[in-house]
Amino acid sequence: MSGIEQLERRLEREKRARKAAEAIAEEKTREIYEANVRLQQLNGRLEELVQQRTVELAAARDEAVRASRAKSDFLANMSHELRTPLNAIIGYSEILLEEAAELGQPALRSDLEKICGAGRHLLGLINDILDLSKIEAGRMEIFPETFVVPGMLAEVQATIEPLVAKNGNRLVVEAAADLAEMRSDLTKVRQTLFNLLSNAAKFTRSGTITLGARRLPAADGDHIEFRVADTGIGMTDEQLRKLFQAFSQADASTARRYGGTGLGLAITRHFCRMLDGEVSVESRPGEGSVFTLVLPARYCEPEAAERAPTGAPGRQGLLLVIDDDRTTRELLEAEFAGRGYRVVQAVGGAEGLRLARQLRPDAITLDIVMPDVDGWSVLRSLKDDPELCRIPVVLVTILGDREMAYALGAAEFVTKPVDPARLADVLARVASAARGEGEVLVVDDDTVTREVLRRTLAKQGWRVTEAADGRECLERLGRGRPAAILLDLMMPAMDGFETLEAIRARAEWRAIPVVVVTAKDLSREETEWLTRHAEAVFQKGAYDRSELIDEVERMMARRVPA
Amino acid sequence: MKGIVFTEFLEMVEDKFSPELVDRILDTAELPSGGVYTAVGTYDHREMIELVSCLSKETGINCADLLRSFGLYMFERFYILFPQYFKDISSSFEFLERIEGYIHVEVRKLYPEAELPSFACDTSEPGHLSLTYRSTRPFAVLAEGLIRGCVAHYGEAADIEVEDLSGGAGTAARFLLTRRDAPR
Numbered sequence: 000m001s002g003i004e005q006l007e008r009r010l011e012r013e014k015r016a017r018k019a020a021e022a023i024a025e026e027k028t029r030e031i032y033e034a035n036v037r038l039q040q041l042n043g044r045l046e047e048l049v050q051q052r053t054v055e056l057a058a059a060r061d062e063a064v065r066a067s068r069a070k071s072d073f074l075a076n077m078s079h080e081l082r083t084p085l086n087a088i089i090g091y092s093e094i095l096l097e098e099a100a101e102l103g104q105p106a107l108r109s110d111l112e113k114i115c116g117a118g119r120h121l122l123g124l125i126n127d128i129l130d131l132s133k134i135e136a137g138r139m140e141i142f143p144e145t146f147v148v149p150g151m152l153a154e155v156q157a158t159i160e161p162l163v164a165k166n167g168n169r170l171v172v173e174a175a176a177d178l179a180e181m182r183s184d185l186t187k188v189r190q191t192l193f194n195l196l197s198n199a200a201k202f203t204r205s206g207t208i209t210l211g212a213r214r215l216p217a218a219d220g221d222h223i224e225f226r227v228a229d230t231g232i233g234m235t236d237e238q239l240r241k242l243f244q245a246f247s248q249a250d251a252s253t254a255r256r257y258g259g260t261g262l263g264l265a266i267t268r269h270f271c272r273m274l275d276g277e278v279s280v281e282s283r284p285g286e287g288s289v290f291t292l293v294l295p296a297r298y299c300e301p302e303a304a305e306r307a308p309t310g311a312p313g314r315q316g317l318l319l320v321i322d323d324d325r326t327t328r329e330l331l332e333a334e335f336a337g338r339g340y341r342v343v344q345a346v347g348g349a350e351g352l353r354l355a356r357q358l359r360p361d362a363i364t365l366d367i368v369m370p371d372v373d374g375w376s377v378l379r380s381l382k383d384d385p386e387l388c389r390i391p392v393v394l395v396t397i398l399g400d401r402e403m404a405y406a407l408g409a410a411e412f413v414t415k416p417v418d419p420a421r422l423a424d425v426l427a428r429v430a431s432a433a434r435g436e437g438e439v440l441v442v443d444d445d446t447v448t449r450e451v452l453r454r455t456l457a458k459q460g461w462r463v464t465e466a467a468d469g470r471e472c473l474e475r476l477g478r479g480r481p482a483a484i485l486l487d488l489m490m491p492a493m494d495g496f497e498t499l500e501a502i503r504a505r506a507e508w509r510a511i512p513v514v515v516v517t518a519k520d521l522s523r524e525e526t527e528w529l530t531r532h533a534e535a536v537f538q539k540g541a542y543d544r545s546e547l548i549d550e551v552e553r554m555m556a557r558r559v560p561a
Numbered sequence: 000m001k002g003i004v005f006t007e008f009l010e011m012v013e014d015k016f017s018p019e020l021v022d023r024i025l026d027t028a029e030l031p032s033g034g035v036y037t038a039v040g041t042y043d044h045r046e047m048i049e050l051v052s053c054l055s056k057e058t059g060i061n062c063a064d065l066l067r068s069f070g071l072y073m074f075e076r077f078y079i080l081f082p083q084y085f086k087d088i089s090s091s092f093e094f095l096e097r098i099e100g101y102i103h104v105e106v107r108k109l110y111p112e113a114e115l116p117s118f119a120c121d122t123s124e125p126g127h128l129s130l131t132y133r134s135t136r137p138f139a140v141l142a143e144g145l146i147r148g149c150v151a152h153y154g155e156a157a158d159i160e161v162e163d164l165s166g167g168a169g170t171a172a173r174f175l176l177t178r179r180d181a182p183r
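Protein chains in written order, with numbering that gives the first Met the number 0: chain W, 0 to 561; chain H, 0 to 183.
No wet-lab data here; the hints were simulated from the structure. Not one of these hints is a red herring.
A few chain H positions that, by computed beta-carbon distances, are all more than 12 Å from chain W: (1) GLU57; (2) ILE102; (3) THR131.
Below, a list of computed lysine-lysine pairs in the BS3-like style, where the Cα atoms sit at most 27 Å apart: (4) LYS1/H with LYS108/H; (5) LYS133/W with LYS382/W; (6) LYS1/H with LYS18/W; (7) LYS14/W with LYS1/H; (8) LYS133/W with LYS70/W; (9) LYS18/W with LYS108/H; (10) LYS86/H with LYS1/H; (11) LYS113/W with LYS165/W; (12) LYS108/H with LYS86/H; (13) LYS15/H with LYS14/W; (14) LYS27/W with LYS1/H; (15) LYS108/H with LYS27/W; (16) LYS133/W with LYS241/W; (17) LYS56/H with LYS15/H; (18) LYS458/W with LYS113/W; (19) LYS56/H with LYS1/H; (20) LYS14/W with LYS27/W; (21) LYS1/H with LYS15/H.
Note that this is a predicted model, so its numbers are computed, not measured. Ideal placement from N, C-alpha and C gives every residue a C-beta, glycine not left out.
Pulled out of the complex, with its shape left as it was, chain H reads as follows:
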């Protein structure tokens, strides 16, 4: 998993909770990296699971809610850090359609070894978007948070149905987005 997910996660904890909480979870979590992350590095995704579960214990908020919130938070951060990916895009559907064909392509140019999830996209029905997440890692909830963050970013109103495709493992899910103004 790319280091930026870790550095952003810790910043979120610092921001939404406290720097002390960051210290605490880094002390309690069992992390091969020792909790030292740089945005350009790559780290085991299990460290992220460990960090989230430590935060859950500390805060009493369940892991899924934490990851979803992190997704929402991280989308806004992406907008600030990588404005070039948002150029000429005016809606969430437009952005989500371009994850696979554009954003991931650009990411691979910088990090050829990056293991990215796939986002198959279906826009055949007007006002509806079906996005299928598939990964070797169980971060479907994080993906959901990012998708919600995207819809919120463009100030849109859309219903998002989540269909688990991995029997609870969280490695595959279909997100069905329906614009509120779309024909039902």
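For reference, chain W alone in the conformation it holds in the complex:
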């Protein structure tokens, strides 16, 4: 074989090898392409699956939300069902207690006190369960206010003393001299102390219960420390570990011997944490327990940090004046600055709303006719905003549309030209009146509730008329105008909301003050609606009778002459 021939054959082999390699490369390229297409399809399918799963999850979430709402509704209804008969038990036993005292029958007294006490205890348990469900649902809100600590302690002492004395215990209050004021949620602080003290009273016999309070100064804000110490049965380490958990008491036998839901301490701890504080406990079996509660002396609202005060706070509070007329603004500022208010001016509705959100004034005066956003829109925005709806608004206007102002929830009404003295009166909400000069219409489908209310009011000297539902109430109003209406919410045929709407729809009835008396656990929307339409809301079984009477008297004093 010649050299040339050999080279040609090698070349031929190389050529064929190259072509084979190219074919393989093409094949591989196609395979990669096809794999990519498959991957893309898979990706598309995955997205479809994700979407489908998202829809399923959304449905599951909606279902959970519905279930949670059903649970809330159930609890609200349960509380209604339980509180209505309790209201009768507590109300009647109180009336009978007074009558027994008047008739000089002390023998009945202790029995009646037992009925009344048991009723109140049951009410406490129901309230605990509702509180806890509210906390768990994130619906528990904080209402900070400034109060005098020794005053609060004295009140707590007065209330708890009978309970402490029951087991032969002695209550010692050790309040430091520098306690002064604190800003916190008074109701929750009080309830927390009651919880701790009633626990101490429950687990101590013939011993001493000490309620101590002192101020803990600190550069970044003082704290107030409350201490509840007892000489009772105490707790073991294991019992201490489970102490603050809901539905758990030291052990099951404790529940049988001492009663209670086991919710008190869980609620106590939730409240403390909501108020940026903490509760701790030390205890030894047989020697007693010490609960220590440390709360910031000034509770800072979450949004407070954003609020930038633009000047020294006024002694009386911050007033926001919304008016497009410069003369009116300056007049109001001069008037109220002189009375110790800090006054901030807004030249129109839009700026007024912005400043209201930013500064959270204590009160607002509002003009109606303004070029940008008119007063009605401002008022509606304020009342629709859960953060702002509690700020009292006084309309300062030349329009006489007082009905609309009331319907939209204005706290009071003054006309231009302004009488500063009257306006100051309104802002301060000073009210007093002689009782027993008017007629009160009680609207409730529950005969027993009506009876209790009637007797309570009659004792105070009011004339009382009754209506069993909304329709009857409207009929009554057609015959004559009462000085005030006490209105139940849940009634057959025509409920409280409809009734209130109907009352407010008639010009001649619109000014009649309405006090809602309800056993329903109100939702936020309902509460808002009611605060816009009613003067005050009392919960059946949960209200203090004297508070109710005070409220009625306040309304009487503010009554607009018919």
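With chain W held as given, fit chain H onto it using these hints.
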């Protein structure tokens, strides 16, 4: 069998013997592929056996010695062609331990259809390495050559004992490597 084994074999023959010898064995051997190989292709392993036996006839060197030598040669070629597999490896034991778990894994990414032999590895005894070769093809001797090539590549001194596990078929064998400095 991967085409690279064929192309490297022919290059070795060309290199160690002569291009003419390559032509001769390609002419005499009975090869379905016609002796046309590309590194990225796949060919019947019997063609390799045929090529080796033709070379043996031409040179008078027995097949086993030829395959062993080819293994030694091919290991050095692997080092040149695929340096990425040698990164961060400083000894023959390290490399041999990684055949199954790393190198063959990488090969399968490129050639999912490749039929690779298995190399079970046992390093429980310090200084000793037991490597068990199992294949559907009779290339235990080629594997031995590769292992020797590996030890030589790292400039190490190790004794290699070969234990046939296939009754002379050459499809399974255990290689026992002992470093000269290892405790006996």
